[in-house]
Amino acid sequence: MNYQKKLESLIIARDGLILTKDVESENIPRTYLYRAVKAGRLKALSRGVYLSEDAWEDVYYWKQAINQKMIYSHETALYFLDLTDRDPLVITVTVPFGYNASRLRKDNFQVFSVKKEWYAIGIIPVKTNFGRDIRCYNQERTICDLLSHRYQSDLSLVTEAVKRYFRQKDRNVPLLLDYARTFGVEKRIKAYMEVLM
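Residue numbers (the numbering used here): 1 to 197.
Read the hints as simulated data drawn from the structure, not as lab findings. Small disclaimer: the values here were computed from a predicted structure and weren't measured. It cannot be assumed that every hint is accurate.
Listed next, the in silico DSS-like pairs over lysine-lysine satisfying Cα-Cα at most 27 Å (straight line) [as the list claims (entries may be wrong)]:
id, residue 1, residue 2
1, 187, 163
2, 69, 115
3, 190, 115
4, 43, 106
5, 187, 127
6, 116, 106
7, 5, 43
8, 127, 163
9, 116, 43
10, 6, 21
11, 5, 38
12, 115, 187
13, 5, 21
14, 69, 21
15, 43, 127
16, 69, 43
17, 21, 43
18, 69, 127
19, 21, 127
20, 38, 69
Cβ pair distances, simulated, as ranges [said to hold, decoys possible]:
id, residue 1, residue 2, range
21, 13, 59, 15 to 23 Å
22, 181, 37, 49 to 57 Å
23, 30, 57, 38 to 46 Å
24, 5, 98, 25 to 33 Å
Think of the CB as a built atom: it goes at the ideal place given N, C-alpha and C, for glycine as much as any other residue.
Based on the sequences and whatever the hints tell you, model everything.
Pasting the structure below:
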């Protein structure tokens, strides 16, 4: 198979959204990628991110693909976890302390930095509206993040999310309490539990 056909197959397999690293992993020379851009078959969205002319742009997927340490959190995680009906007004992410998030802030993301030992707690895969896998925090971690004193959130949004959580069959209250102790929000979680359970 020649490189051009291999690139076209890759574009189809990735639903029209490809990364330079995808092309490199298939051993396709980058020149074929640049030729596709020049011919108008692909559009460069950002450094290393390309979209075919007939594909939908999946911002959540490609932003995380080029910012590997970024985890969707807070209101954005609520959206993916179906704990709210509201679309996030601002994309909210969490990164480990020391990560250079200047590009994310420049793109108007709300960025939270956490201790490295807290960063990986509760990461799960979820699907975007376009069916691509991204990473966000689980329900229990997200609720703890929203109740943190460091985070100023809309009280009605938090209340709605906590109510939805406690109505779900797959809730894990022991895990929620464990996370609450870890993140220092145990009293606030228990106050909500007294009202809702």
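Hint check:
no.: 1; hint: 187 <-> 163; in the structure: 17 Å, holds
no.: 2; hint: 69 <-> 115; in the structure: 13 Å, holds
no.: 3; hint: 190 <-> 115; in the structure: 24 Å, holds
no.: 4; hint: 43 <-> 106; in the structure: 21 Å, holds
no.: 5; hint: 187 <-> 127; in the structure: 32 Å, violated
no.: 6; hint: 116 <-> 106; in the structure: 23 Å, holds
no.: 7; hint: 5 <-> 43; in the structure: 18 Å, holds
no.: 8; hint: 127 <-> 163; in the structure: 23 Å, holds
no.: 9; hint: 116 <-> 43; in the structure: 36 Å, violated
no.: 10; hint: 6 <-> 21; in the structure: 14 Å, holds
no.: 11; hint: 5 <-> 38; in the structure: 17 Å, holds
no.: 12; hint: 115 <-> 187; in the structure: 21 Å, holds
no.: 13; hint: 5 <-> 21; in the structure: 18 Å, holds
no.: 14; hint: 69 <-> 21; in the structure: 16 Å, holds
no.: 15; hint: 43 <-> 127; in the structure: 24 Å, holds
no.: 16; hint: 69 <-> 43; in the structure: 25 Å, holds
no.: 17; hint: 21 <-> 43; in the structure: 16 Å, holds
no.: 18; hint: 69 <-> 127; in the structure: 18 Å, holds
no.: 19; hint: 21 <-> 127; in the structure: 21 Å, holds
no.: 20; hint: 38 <-> 69; in the structure: 31 Å, violated
no.: 21; hint: 13 <-> 59: 15 to 23 Å; in the structure: 20 Å, holds
no.: 22; hint: 181 <-> 37: 49 to 57 Å; in the structure: 51 Å, holds
no.: 23; hint: 30 <-> 57: 38 to 46 Å; in the structure: 22 Å, violated
no.: 24; hint: 5 <-> 98: 25 to 33 Å; in the structure: 43 Å, violated
The structure does not agree with the numbered hints 5, 9, 20, 23, 24 stated previously, though it agrees with the rest.
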